[in-house]
Amino acid sequence: MSEKITPEAEEKEIFSSEEAAPQAEEEKKKKPARKRKVKKDESEMTEEEKKAAEKKKRNKPKDAKSSAKRLIGYITKQKVWLIIVAVLVVLSTVVTVASSLIMQPVYSAIEDVIVRGGNADQAFAKIVKSLVIMSVAYLLAATTTFAYTKIMLRVSVKVLTNMRRELFNHMQHLPLSFFDKRKTGEIMSHFTSDIGRVSDLVQSTFTGLISSVIQAVMTITIMIIYSWQITLTITVAIALMMFTVFFITAKCKPLFKKQQETVAASNGYIEEYIRGIKVVKIFCHEEKAKKEFSEINEEYRKTGVKANIISGTMSPIMSMITRINYAAAVAIGATQVISGRMTVPRLVTYLQYVGNYGAPIASIAGSYSTLISALAGAERVFEVLDIDHETDEGKITIARKVSEIMGYDELSWEIPQENGEVKHIPVKCDVEVKDVTFSYVEGTPVIKNVSAHANTGKKLAFVGSTGAGKTTITNLINRFYEIDEGDITIDGISIKDIKKSDLRSVMAFVLQDSKLFVGTIKDNIKYGKLDATDEEVIAAAKIANAHSFIEKLPDGYETEIRSDGNNISAGQAQLINIARAAISGRPLLVLDEATSSVDTRTERLIEIGMDKLMENKTVLVIAHRLSTVRNSEQIVVLEGGEIIEQGNHSELIALGGKYYQLYTGIYEMT
Amino acid sequence: MFKKFCSFIKGYWFFTVLTPILIFVDAFIEIRLPKLMGNIVNMLYTVNAENRHELNMKLLEMLGFCFLTLLIGYIAARFSAIASMGFSANLKRSLFNKVQDLSFENVDNIKISSLITRMTSDANMIQNMFKSAIVTFVKGPYLLILALIEAVRISSKLSSVFYVVVPAVIITLVIMGFMLVPMFKKMLEKTDKFNSTIRGNVNGIRVVKTFVREEFEKEKFEKVNMGLAKANIKAQTMVLFLSPVLMFIIYGCMILTLYRGSHSIIYYPEEGLTIGELTSFVSYISQVISSLMTVLMAFVTMVMARASVKRVGEIFNTEPSVKDDNADESLSVSDGSIEFKNVSFRYNTVLKEKDKKKNKHKNKKPEIVTTGNILEDVSFKIESGETVGIIGATGSAKSTLIQLIPRLYEVNEGEVLVGGRNVKDYKFRALRSEVSIVMQKNILFSGTIKDNIRWGKPEATDEEIEAAARAAQAHDFIMEKEKGYETELGQGGNTVSGGQKQRLCIARALLKKPKILIFDDSTSAVDTATDSKIKAALRSDEYKGITKIIVAQRITSIMDADRIIVIDSGKISGKGTHDELKENNEIYKEIFISQQEGVLAQ
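Sequences listed follow chains A and B, in order.
If you count by numbering that gives the first Met the number 0, then the first sequence holds residues 0 to 669, one letter each, in order.
If you count by numbering that gives the first Met the number 0, then the second sequence holds residues 0 to 601, one letter each, in order.
Heads up, a few of these hints could be off.
[Stated by the list, open to error] Calculated cross-link-like contacts (lysine to any residue; reagent style SDA-like; alpha-carbon spacing at most 25 Å):
hint, chain 1, residue 1, chain 2, residue 2
1, A, K495, A, D179
2, A, K447, A, P174
3, A, K149, B, M178
4, B, K482, A, Y439
5, A, K250, A, T302
6, B, K534, A, I652
7, A, K250, A, A263
8, A, K447, A, E484
9, A, K277, B, Q99
10, B, K217, A, T532
11, B, K482, B, I442
12, A, K277, B, Q402
13, B, K217, A, T558
14, A, K551, A, Q571
15, A, K149, B, F177
16, B, K9, A, T302
[As the list claims (entries may be wrong)] Footprint (simulated), chain B over chain A, 3 or more residues, beta carbon under 8 Å:
hint, region
17, 110-123
18, 127-133
19, 137-150
20, 187-200
21, 259-273
22, 316-329
What the hints contain is simulated information worked out from the structure, not anything from laboratory work.
We treat Cβ as the ideally placed atom computed from N, Cα and C, and that holds for glycine.
Chain A extracted, bound-state conformation (with noise of 0.2 Å):
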């Protein structure tokens, strides 16, 4: 079996990398393969590889129709608001546009005076009258502008908390499977890049695409008004504009994509050589390095080169066409004005517009790039949307009852018969396996045919080299994973009879690597029990044998755990988890490779702390270092996923097989 597709594999990869680089982890998503060899052939292209190809595609809507229509969903649930916007929008574009209309009786005012000698104060008290109306109407369309953004602002906002707390909400209902196959800075971008991309659409390019639709019919249609013949020169510029905007961008499309990826092959090459820079000076490897750095940073520079030529040639092209249709329009203006179809004042007025309508029509064509780019991100949280909750059909619950005697929670199944009463039996925790097989992926089985049994309060332990199926078996036991074949049964009941949260909640697990979350230590043991109080922490701490060092810490019970966890050491972190499952007072406790990544001291610590944690409750070990599971009622050995030896500690010694060689060969001098 290869050890690749086990999800205790890829789930180290997770925690290991992620404990390496917690910000860098979002951008190397982001990234494609690097490519040592610049140029390779599609043949020889790698998995990852493909997969980055495929990413990249994913950076269009497949299908934009459906996921456009359920972003609408989204966003008219603003309604109300939505609509105020557009009106405001309009009003204030509306009233920007014409605002320069006024421009007109101003010069014709001076005009009259000073070439037909018209009276001055007339012509003066007219231009006061302009000006007035003018100073209103850019008031009015400051105060629309603010009005509407910031609406647009709370909207937006809106949209995007409210997209963020459905995704999150949803993903805790997710199965398992959902996060083994995904690394969590991918996970981690749907919540920033993904939903951030929408709320960008939302909260600029909306106002921005109607007020520059209207900004360009408004501007288009007056120009129309005042002279339609002049105004067909325009549409030439407009042509040739759209054609420059689009032939720059097709033509800058692959030179960003290709600086985009020099880019991505320039930080990931530095990011893997920073990481693994002790490696490199170990191995005498730094010429080398600085060579191959070299060679790839040149090829970003070229690229980049490239790149921003055409894109800086852009906006210069694009001035010159406005200009050279600004002259057009005097030209042709001119011979009316001398024909006499036309005033000056008029033309004036018009010229102004002709260097205003060619904005717009940009940004109208930017914004579609805007809105690819929403619609891509918005599908992609639609599709983890669209994954299906963890499959629950189970009925029996548990039923909680102070117990008089104890003042303890006595737990007890509830199972609904089929008469409508319900049959409570005490929860024991007797665990049985029985003939389970499974496959993470379909063809190849990870589990074939395992069966044991733990009686209550008897401790049962799987052994066996690593990727041999331990862990699958936990996750099999919590219901992460269904099983495909056989059945484990939880005193006598089928675990898939059982609803999953109650299921669940008989249980504490110890596991290898298990994070803290960040908030302080009490936090953390409180995780367990969520009401406890600071007596019931203490007590818990104490069990783990966690309360000495909580003690000593400058901040104590108090001390804030960081998300990179550097202030407490791996030995003490595991003591918390396991003041934690302490705490929880569940009757099965499920200890995963609880001690591997501890020094023997501490691990010595953690056992005592365990040995008290575990009496009186149903105990599954999963171990690769044998000193912990000798005094298990008993041993099941796996080795490719099927057991080969099954006893306890001194009849497995005694078969002299696989569990003795392991055994022994710890202590063999060979």
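Using the hints, position chain B against chain A.
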């Protein structure tokens, strides 16, 4: 530091100097255009069939200028692209090369994740700054000054409006800037919290699910989600406010100018203002305000980039704390013997920013603090070809000790001898090619499995590589892969499991066939059976002559060594064979018993 950054322009001086000049010409023309257009407008008022020709000439003049700006614009875009990309490439390359030469201690002090951000995002920030320095930062002031000059030339009376406008815009932007800083800081904090909550949830999803804490997590998320939303709205509202305020200023100016201008034309024709001049003046107003904003924005970029410049500059200013400049070029390691003579070692740590500030008040300059001695007065000798175990609890400085052998860190007192010579006498390459460490944290690089093993010896044949892989017990699992030795390892070698990674790292070290081979707790993810096989392979003739040092926490990994050194909090607590130490070393005895309990009980 400025000098250092100037050196990155090397090879691109021509483009770097020429770009601002071109930009100046471009700005000069751009400023003349409104005036030209004003002239054209003026001519329109008197245009007739006779003087039509003059107007056409003006239009041609304007078109000529347009083509000129296009040409200049294109050349400027080209030059600035070449200059800024060249600068950036030079910067990144020197940065990468510089970091390659840093010592372990330097890297520890700066921290790896910080090094990466400095080399990627900070370097990009500086590139952007460079580009805006030669383009935007130049063009903004040019335009501002030229537009002001032109405006004054049209009418000094109307220009008085700028006395009010320019300070008003600057003050508004500065005040907003000051108000925004804390708001954005808060937003960043909330974003951090938001991200770490999701990250914690995703990483701890097994814990969440096993403890059935989905609802609790939802509540927790709701809080950070709403917190971020609030901070977001607050900060962005401020930004949104900016646009109407500026609109207000621009439009206010235009109206005022139109009022005063038309007043002047109508009542005081002797002032000589024309309608054309008035229209050009109005367009200079928006020119002045928009270039004012460009200048201020460029200024903001500079301020933001200053932090990056400082962070990158720190790397360039870091002197490699271990250097081999004075080493003997010709010297090579003669044999695998090692000797520590009264070695003491402590880490030098650079104080963090915060602490530094605190210190400033008290005394002036303790920038570097040293920890207490990590290793104290350590002396021992290892003969060539010996196998030596080093044992001790976590934190007892075992790893530190062995890293002194290839001079990854420098001793503070005493000396380390390899092959009978002080490690300081060797060139790094000479020393490190004979001393190989398989580290606790295994790192592989992207490339094929073969490429990775070949690190040990670049000129190795396929047979040599296979032999090393066999000895490291990696051959079998490599062959199980579809492409065998040609299997691509992803970034960081993440496509193989932890145990497989360790075995590949061992193969890489074995291929090197050094005189000294150090295993720093490097088989922790390998199961005991495989571990034994690797050890058996190391005893074969092939690797017999190598001095082997095995650092471990588990007695079973080292009890068969020729000699064992017991380290306890930085001091040697005992030396000897397993049997000797079991008898006469308290610490060893304690560790042994703790790990043997089961066996004894049997």
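**Item:** Coverage of the region 316-329 of chain A by chain B (three or more Cβ within 8 Å)
**Value:** Holds, because 8 residues of the region 316-329 of chain A bring their Cβ atoms closer than 8 Å to Cβ atoms of chain B.
**Request:** Given the hint that K534 (chain B) pairs with I652 (chain A), test it: the Cα-Cα distance must not exceed 25 Å.
**Result:** OK: K534 (chain B) and I652 (chain A) at ~24 Å, within 25 Å.
**Message:** Check whether the Cα positions of K495 (chain A) and D179 (chain A) lie no farther apart than 25 Å.
**Reply:** It holds: about 22 Å lies between the C-alpha atoms, which stays within 25 Å.
**Request:** Starting from K277 (chain A), check that the Cα of Q402 (chain B) is at most 25 Å away, please.
**Result:** Roughly 11 Å separates the two Cα atoms, so the pair holds.
**Prompt:** Is K149 (chain A) close enough to M178 (chain B), meaning Cα to Cα at most 25 Å?
**Reply:** Given that 25 Å is the threshold and the Cα spacing comes to 18 Å, the pair holds.
**Message:** Does E484 (chain A) sit within 25 Å of K447 (chain A), going by the straight-line distance between their CA atoms?
**Reply:** 9 Å, holds
**Request:** Mind checking the alpha carbons of K250 (chain A) and T302 (chain A) for me, to see if they're no more than 25 Å apart?
**Result:** Judged against 25 Å, a Cα distance of about 13 Å means the pair holds.
**Message:** Taking beta carbons only, do three or more residues of the region 110-123 of chain A come closer than 8 Å to chain B?
**Reply:** holds (count 7)
**Message:** Please verify whether K277 (chain A) and Q99 (chain B) have alpha carbons no more than 25 Å apart.
**Reply:** 10 Å, holds
**Message:** Please verify the coverage claim for the region 137-150 of chain A: does it have three or more residues whose C-beta sits within 8 Å of some C-beta in chain B?
**Reply:** holds (count 9)
**Prompt:** Are the Cα positions of K250 (chain A) and A263 (chain A) separated by 25 Å at most?
**Reply:** 21 Å, holds
**Request:** Could you grab the alpha-carbon distance between K482 (chain B) and Y439 (chain A) and see if it respects the 25 Å cut-off?
**Result:** 23 Å, holds
Consistency note: the structure conflicts with none of the earlier hints.
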